[in-house]
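Enquirer: Spelled out from the first residue to the last, the chains are:
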Amino acid sequence: MVKMKNESNLQVTFSKRRSGLFKKASELCTLCGAEIAIVVFSPGRKVFSFGHPNVESVIDRFLNNNPPLPHQHNNMQLSETRRNSIVQDLNNHLTQVLGQLESEKKKYDELKKIREKTKALGNWWEDPVEELTLPQLDGFKGNLENLKKVVTVEASKFFQATVPNFYVGSSSNAAFGIDDGSHLNHDLDLFSQRRMMDINAFNYNQNQIHPNPALPFGNNAFGHINDGFVPNYNINYRPEYIQNQYQNQNQNQSQSQNQNQNLSFKRENISEYEHPHHGYPPHSRSDYY
Amino acid sequence: MTRQKVKMAFIENETARKSTFKKRKKGVLKKAHELGTLCGVPICVIINSAYEQNPEVWPSRETANQVVSQWKTMSVMDKTKKMVNQETFLQQRITKATESWKKFRKENKELEMKNVMFDCLSGKTMVSRIEKTELRDFVYVIEQYLKDVIHRIEILKRNEESSTALVPVAATTTSSVMPVVEMGSSSVGFYDRIRDQIQSTLNMKQTTKDLDLNKKQW
Numbered sequence: 001m002v003k004m005k006n007e008s009n010l011q012v013t014f015s016k017r018r019s020g021l022f023k024k025a026s027e028l029c030t031l032c033g034a035e036i037a038i039v040v041f042s043p044g045r046k047v048f049s050f051g052h053p054n055v056e057s058v059i060d061r062f063l064n065n066n067p068p069l070p071h072q073h074n075n076m077q078l079s080e081t082r083r084n085s086i087v088q089d090l091n092n093h094l095t096q097v098l099g100q101l102e103s104e105k106k107k108y109d110e111l112k113k114i115r116e117k118t119k120a121l122g123n124w125w126e127d128p129v130e131e132l133t134l135p136q137l138d139g140f141k142g143n144l145e146n147l148k149k150v151v152t153v154e155a156s157k158f159f160q161a162t163v164p165n166f167y168v169g170s171s172s173n174a175a176f177g178i179d180d181g182s183h184l185n186h187d188l189d190l191f192s193q194r195r196m197m198d199i200n201a202f203n204y205n206q207n208q209i210h211p212n213p214a215l216p217f218g219n220n221a222f223g224h225i226n227d228g229f230v231p232n233y234n235i236n237y238r239p240e241y242i243q244n245q246y247q248n249q250n251q252n253q254s255q256s257q258n259q260n261q262n263l264s265f266k267r268e269n270i271s272e273y274e275h276p277h278h279g280y281p282p283h284s285r286s287d288y289y
Numbered sequence: 001m002t003r004q005k006v007k008m009a010f011i012e013n014e015t016a017r018k019s020t021f022k023k024r025k026k027g028v029l030k031k032a033h034e035l036g037t038l039c040g041v042p043i044c045v046i047i048n049s050a051y052e053q054n055p056e057v058w059p060s061r062e063t064a065n066q067v068v069s070q071w072k073t074m075s076v077m078d079k080t081k082k083m084v085n086q087e088t089f090l091q092q093r094i095t096k097a098t099e100s101w102k103k104f105r106k107e108n109k110e111l112e113m114k115n116v117m118f119d120c121l122s123g124k125t126m127v128s129r130i131e132k133t134e135l136r137d138f139v140y141v142i143e144q145y146l147k148d149v150i151h152r153i154e155i156l157k158r159n160e161e162s163s164t165a166l167v168p169v170a171a172t173t174t175s176s177v178m179p180v181v182e183m184g185s186s187s188v189g190f191y192d193r194i195r196d197q198i199q200s201t202l203n204m205k206q207t208t209k210d211l212d213l214n215k216k217q218w
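Respectively, the protein sequence lines represent chains C and V. Residue numbers 1 to 289, in our numbering, belong to the letters of the first sequence in order. Residue numbers 1 to 218, in our numbering, belong to the letters of the second sequence in order.
Everything labelled a hint here was simulated from the structure, so no lab data went into it. Please read all numbers here as calculations on a predicted model, not as lab measurements. Where hints are given, some of them may not hold.
[Stated by the list, open to error] Computed far set for chain V versus chain C, every beta-carbon distance over 10 Å: (1) Q4; (2) T15; (3) G27; (4) S60; (5) E161.
[As the list claims (entries may be wrong)] Quick list of in silico lysine-lysine cross-link-like pairs, DSSO-like style, CA-CA up to 30 Å: (6) K107(C) <-> K114(V); (7) K16(C) <-> K82(V); (8) K157(C) <-> K147(V); (9) K5(V) <-> K22(V); (10) K109(V) <-> K141(C); (11) K81(V) <-> K30(V); (12) K46(C) <-> K30(V); (13) K113(C) <-> K82(V); (14) K82(V) <-> K3(C); (15) K46(C) <-> K31(V); (16) K148(C) <-> K112(C).
Every residue gets a Cβ at the ideal spot worked out from N, C-alpha and C, and that includes glycine.
Modelling step: build the complete structure from the supplied sequences, incorporating the hints.
Expert: Put into structure tokens, the structure is as follows:
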């Protein structure tokens, strides 16, 4: 083992190995309760040091040949205990973060594998953009733009539908369930959903997507005909008429020409929604489901 | 190398602690030696333990004295700039690890979104199945990818103008092979989509063999 030749490599090596050495020293102290001091000069003449409990005290003891303190005063013991527990907390925290980092890295590898797998199916549009030809790119661009439109529409519907939560101020909207019931699982993130889809791919059943008549805000993404039970709020939605609803709550069920009146009629009917235990209308036809 | 992951905490068992101390002390000194030799730098290690009355000094008292006296000559600023103890060192490691974790998380999110995007395009899934809260990020990812595609188109168009075709023109109807993005439900079943798609790519593969050869490995 000799000194490295390459200057820049040497710098990098010093940096990495110094860090590794300090890590090993730190572990030694934690595991075995030892005291330590390391002093090292860098190729650039800077000085790095690691010490536990601290560099200076260990060095002083070395220089002065002091024997170890046989019995410590209560104060010192207390502060040392406290410091030890701080160190212990930090160690625990570090272990936790390292664990998270590890699983995130594994996820990264798995995601890369999935990409490789789908690549093998021969979808040319999944190749890097640089490898595609002009006609391919043109077609791809069109499809991407379409997709973007679709997603934007979906997103705007969702965020539009959530606004009334804020206005109405009751938790009853939670019972409405702003979703279309076709998710695999609300709580799964995209990654797990996709994995599940991979697994369930050939069990996929079209008919699983069933209408959710409890949507009051006209989320007619699937062209549900909710039989006039729920009005198409998309068109009529304005903050003012929400207030009208409150005002009109005690009105009769009149079929007036005024659209606002119609909405208050619906509002009365859907008072049963105030019960949070289910999101479906209390009296609906059986073929809704 | 190690069979079990050691819990990073004070070892209560005295025998285990003593043997761990011996082994790890040996390891630390070995690493210190490698660092000093490979990089040609002055270094010393001083260890106080319950197992020795006097401090253990490495490499030797003489060398250690030299290093320490040189250390003493340095200004307080220079000394303390790169000085760490357990608390500060662990905190540094935590910060670094957290940043690395965040980077990976972000990268993974983008990869996930890309996968979902490709699945939507190939008909494996539908936009409606995506968790609503993810939609905004999803739009962003699509937009970024779209930017790349448009940029690439511009480059190719510029090349075409400036010289004769540099890129091999794809033989057949490529855009008709790619399933068109539809909204919401589909009367064409999942099976049919995949079957059609695989069929068409098989047809395509025969006619665009030279393209395959140019494909880089990711």
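Enquirer: State for each hint whether it applies.
Expert: Hints, one by one, checked against the model:
1. Q4: 14 Å, holds
2. T15: Nearest chain C Cβ is 12 Å from T15(V), so the label holds.
3. G27: Non-interface label fails for G27(V): nearest chain C Cβ at 6 Å, not farther than 10 Å.
4. S60: Its Cβ never comes within 10 Å of chain C, the nearest being 13 Å, so this holds.
5. E161: Check passes; 12 Å lies beyond 10 Å.
6. K107(C) <-> K114(V): Distance ~15 Å between K107(C) and K114(V) Cα, so the pair holds.
7. K16(C) <-> K82(V): This hinted pair holds, its Cα atoms lying about 15 Å apart.
8. K157(C) <-> K147(V): 25 Å, holds
9. K5(V) <-> K22(V): 18 Å, holds
10. K109(V) <-> K141(C): 22 Å, holds
11. K81(V) <-> K30(V): 26 Å, holds
12. K46(C) <-> K30(V): 22 Å, holds
13. K113(C) <-> K82(V): Judged against 30 Å, a Cα distance of about 41 Å means the pair is violated.
14. K82(V) <-> K3(C): Between K82(V) and K3(C) the Cα gap is close to 23 Å, so the pair holds against 30 Å.
15. K46(C) <-> K31(V): Answer holds: K46(C) to K31(V) is near 19 Å, not above 30 Å.
16. K148(C) <-> K112(C): 24 Å, holds
Of the numbered hints listed earlier, those contradicted by the structure are 3 and 13.
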